[in-house]
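Colleague: Protein chains in written order, with the working numbering: chain P, 144 to 280; chain U, 144 to 280.
Calculated directly from the structure, the hints in this document are not laboratory data. Accuracy of the hints is not assured; some may be wrong.
It does not matter which identical chain is meant; a pair holds if it fits inside one copy or across any two.
Derived BS3-like pairs: lysine-lysine, alpha-carbon spacing no greater than 30 Å straight-line [claimed, not checked]:
hint: 1; residue 1: Lys-189; residue 2: Lys-255
hint: 2; residue 1: Lys-237; residue 2: Lys-255
hint: 3; residue 1: Lys-258; residue 2: Lys-237
hint: 4; residue 1: Lys-156; residue 2: Lys-255
hint: 5; residue 1: Lys-156; residue 2: Lys-189
hint: 6; residue 1: Lys-237; residue 2: Lys-183
Listed below, chain by chain, are the residues.
Protein chains: 2
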Amino acid sequence: MSDRSQFRAVGLKTTLPRLKVMEILENSGERHMTAEDVYKEMLNLKEEIGLGTVYRVLNQFEQAGLVERNNFESGSSVFEIKSDSHHDHLVCMKCGVVEEFFDPSIEAQQEKVAKMAGFQIAGHSLSIYGFCSDCQE
Amino acid sequence: MSDRSQFRAVGLKTTLPRLKVMEILENSGERHMTAEDVYKEMLNLKEEIGLGTVYRVLNQFEQAGLVERNNFESGSSVFEIKSDSHHDHLVCMKCGVVEEFFDPSIEAQQEKVAKMAGFQIAGHSLSIYGFCSDCQE
DNA sequence: ATCATAATGATAATCATTATCATCACCATT
DNA sequence: AATGGTGATGATAATGATTATCATTATGAT
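Starting from the given sequences, assemble the full structure and let the hints guide the process.
Modeller: And the structure:
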């Protein structure tokens, strides 16, 4: 599905800033970008855009289910293209690298926990913090 | 252990603001408070304190291992007295109530995941978001 | 091509949090 | 109990992330 039709499907007009933001999220090596990251990359590519627009567009994309927001422990949100498959994160506290993982048994166990507490589950966020293989003294 | 000796043990002088902040965290019905919450409660109790001091003290308590910080999806950190036993959270997206849980199998599975990815685990944060039993239409 | 409407960019505003710094309180020592 | 050095406080300003405002501009249905 093209970005164009993706946007149409969620009621967003196809504009240059939206196309560019999506393109950066898709093509940037870094899968987890802050609004600021996206903005800077945009400037690198000699594209005109306002930082406010980046924030606005990312929020709209999140609302629309096109991207996913994560709040690690850094003080700013990071965004990534929403993949069809849910996953959680391993975050390196030294170099900041983020690895993704999916563990069915953890997922299943969460369902159980929620059910036991009478919670209707809507989502969850699991981040494991530590040091990646390159960052252990 | 009294707050007084607790503070001494971690190299913090025993001061009125620190005693009061700790007292509020201990006695407030709400276990997960923002700095602002603590500050307002302080004013309620007719105690003089600066908001900056609340932030400073909470950070020191966190450094010292006396309280634990959590970043749910609200944009501001919440603090709770650090209990000896680790736990994760179920957060109601409507009323904001927070329930705690501990699930050994999830914990164990996280260890496995980290090991497989070559990560040296330092901590983790698992929050399940949903609707508590009182908040389901 | 026209036009209503939504989107943009520049800017100001807000919110959470931290830094600064002069004044003040704690507490080990006298 | 008085003293003094050092750490702590409070008021304020500063910062960083994010959102609101609003006049101008671009999109897409007609």
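Colleague: Each hint: holds or not?
Modeller: Hint-by-hint comparison with the structure:
no., hint, verdict
1, Lys-189 to Lys-255, "neither (50 Å within a copy, 44 Å between copies)"
2, Lys-237 to Lys-255, "between (34 Å within a copy, 21 Å between copies)"
3, Lys-258 to Lys-237, "between (36 Å within a copy, 17 Å between copies)"
4, Lys-156 to Lys-255, "neither (41 Å within a copy, 45 Å between copies)"
5, Lys-156 to Lys-189, "within (22 Å within a copy, 53 Å between copies)"
6, Lys-237 to Lys-183, "within (22 Å within a copy, 36 Å between copies)"
Comparing the model with each numbered hint stated earlier shows that hints 1, 4 do not hold.
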